[in-house]
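Chemist: For reference, the chains in residue letters:
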Amino acid sequence: MSRRYDSRTTIFSPEGRLHQVEYAMEAISNAGSCVGILTKEGIVLGAEKRITSKLLDTKAVGVRREKMYKIDDHVACAVAGITSDANILINTCRLQSQRYLLTYQEPIPVDQLVRGICDSKQGYTQFGGMRPFGVSLLYAGWDRLQGFQLYQSDPSGNYGGWKATSIGANHSSATGILQSDYEEDMTLDQAMKLVIKVLSKTMDSTTLSPEKVEISTLTMQNEVVNFKIYEDSDLRPILDAVNSEVLKEKETAS
Amino acid sequence: MDFLAGIRGPDFVMLCSDTSAVQSIVTMKQDEDKLVPIDSHKLFAISGEAGDRVNFTEFIAANVRLYAFRNGVDLSTKAVANFTRNELATALRKSPYQTNLLIGGYDEHCGPSLYWCDYLATMHEQNICGSGYGSYFVLSLFDKLWRKDLTEADALSMMRKGIEEVKSRLVVAPPKYIIKIIDKNGIRVLDEV
Numbered sequence: 511m512s513r514r515y516d517s518r519t520t521i522f523s524p525e526g527r528l529h530q531v532e533y534a535m536e537a538i539s540n541a542g543s544c545v546g547i548l549t550k551e552g553i554v555l556g557a558e559k560r561i562t563s564k565l566l567d568t569k570a571v572g573v574r575r576e577k578m579y580k581i582d583d584h585v586a587c588a589v590a591g592i593t594s595d596a597n598i599l600i601n602t603c604r605l606q607s608q609r610y611l612l613t614y615q616e617p618i619p620v621d622q623l624v625r626g627i628c629d630s631k632q633g634y635t636q637f638g639g640m641r642p643f644g645v646s647l648l649y650a651g652w653d654r655l656q657g658f659q660l661y662q663s664d665p666s667g668n669y670g671g672w673k674a675t676s677i678g679a680n681h682s683s684a685t686g687i688l689q690s691d692y693e694e695d696m697t698l699d700q701a702m703k704l705v706i707k708v709l710s711k712t713m714d715s716t717t718l719s720p721e722k723v724e725i726s727t728l729t730m731q732n733e734v735v736n737f738k739i740y741e742d743s744d745l746r747p748i749l750d751a752v753n754s755e756v757l758k759e760k761e762t763a764s
Numbered sequence: 253m254d255f256l257a258g259i260r261g262p263d264f265v266m267l268c269s270d271t272s273a274v275q276s277i278v279t280m281k282q283d284e285d286k287l288v289p290i291d292s293h294k295l296f297a298i299s300g301e302a303g304d305r306v307n308f309t310e311f312i313a314a315n316v317r318l319y320a321f322r323n324g325v326d327l328s329t330k331a332v333a334n335f336t337r338n339e340l341a342t343a344l345r346k347s348p349y350q351t352n353l354l355i356g357g358y359d360e361h362c363g364p365s366l367y368w369c370d371y372l373a374t375m376h377e378q379n380i381c382g383s384g385y386g387s388y389f390v391l392s393l394f395d396k397l398w399r400k401d402l403t404e405a406d407a408l409s410m411m412r413k414g415i416e417e418v419k420s421r422l423v424v425a426p427p428k429y430i431i432k433i434i435d436k437n438g439i440r441v442l443d444e445v
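As given, the protein sequences belong to chains Y and R, one line each in that order. Numbering of the first sequence is given in the numbering used here, commencing with residue 511 and proceeding in unit increments. Numbering of the second sequence is given in the numbering used here, commencing with residue 253 and proceeding in unit increments.
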């Protein structure tokens, strides 16, 4: 019966649901997962890469990054969902950030950026007749007023601030692990280990390698915000360490 | 001719303006307060074309208030100054606002700041500034007297000396002036000369 109310994005079903928005979220739960954890030292973002093939030319422009993007000097994001939709949203994020900087000569507060994007996402659920964006984003940022912040937004245009969260495939089991293992005063290193552990449990493969995973951190270095995407060479030893820990846990358990 | 002057101290900003509102050859009123509060800790000192002066200031003030309501936090003085400059610049090549202004404010995180802005959307951050014919007399005097560790009393005496100079040397000097100060507690009227 509700099939009749699927095709128009901007009307409610009789049960009071917006089906297109829900279908968009369905699309995202089939996409590569992303995990984010907020600590006092900064934010760790981890993501599962779906496009893995040795034929990929990783030096070509546009292919280098699949999941993590820098929006401004003080804000970065990880995306889950339809990549082409994500590109549009990221461009909008960057534009809004620069417009604010041009007008006020100060970096945009992170919550204002998130709210701006979410307001435009909401538009696609209410008028215009175009489908919603099939993307959820994790925003990691720092501003003078609130320090380090982690936000999550979804196709409905809702957003929230989180201490730890995940989006994409298996996000509910990932969030479950985060709920039990997250501690208030984690260091950045502990958070990174937890992010990798969560990814290894929610991804199809048990051992992680740099080709399958993207890890980044947003921290302060010498009073300047620093967004670092870990290169393969940095990533390998960290992944190996977590892999062997996970293996030990399995052995002691069995 | 309008007169505006500003002095920045280590933990305060002092602004002064004359209080005449003039329409061609007639003085309409002698108690026009041209030091307009934008929020609890920021002042605009405005001069220029009568309608533009008030209209522009109210427009900026309304936007600053809207920002505060939308985002739950006040804009910094630097942000307000740059936003104002931006508006002047956008209007410049369509229908310019003929107003010069001084923007003074106090922020928790960086203390006092003082900006000079003219109708062509030029903006400078300065320790001492002035606008109008009177500024020619006052700037050189302030250059001599300004120090980094000015007290409020020093700055007030400096401002009074400046006003005396304008009154005695400028042929069309306005008769009355008002002086206000902004510090961490907000805006106060110091004197009416």
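Hints in this document: simulated from the structure, not taken from any laboratory. As the structure is a computational prediction, the values presented were derived from the model and not from experiment. A couple of the hints might just be wrong.
Derived contacts from chain Y toward chain R, CB cut-off under 8 Å, selection only [as the list claims (entries may be wrong)]: (1) GLN615; (2) PRO619; (3) SER630; (4) GLN632; (5) ASP653; (6) ARG654; (7) PHE658; (8) ILE748.
No residue lacks a Cβ here, since even glycine has one placed at the ideal position from N, Cα and C.
Chemist: Confirm or reject each hint.
Modeler: Each hint, compared with the structure:
Given the 8 Å rule on beta carbons, the hint for GLN615 of chain Y holds: about 4 Å separates it from the nearest Cβ of chain R. Using the Cβ-Cβ criterion of 8 Å, the hint placing PRO619 of chain Y at the interface with chain R is satisfied: the shortest such distance is roughly 7 Å. A least Cβ separation of about 15 Å between SER630 of chain Y and chain R goes past the 8 Å threshold, and the interface hint is therefore violated. Here the hint on GLN632 of chain Y is broken, as its CB sits about 15 Å from the closest CB of chain R, past 8 Å.
The closest approach between the C-beta of ASP653 of chain Y and any C-beta of chain R is roughly 10 Å, which is over the 8 Å cut-off, so the hint fails. Nearest Cβ of chain R to the Cβ of ARG654 of chain Y: about 7 Å, under the 8 Å cut. The hint holds. For PHE658 of chain Y, the shortest C-beta to C-beta distance to chain R is roughly 17 Å, which exceeds 8 Å, and the interface hint is violated. Because the smallest distance between the Cβ of ILE748 of chain Y and any Cβ of chain R comes to about 36 Å, over 8 Å, the interface hint for this residue is violated.
Going through the hint list in order, the structure does not satisfy hints 3, 4, 5, 7 and 8.
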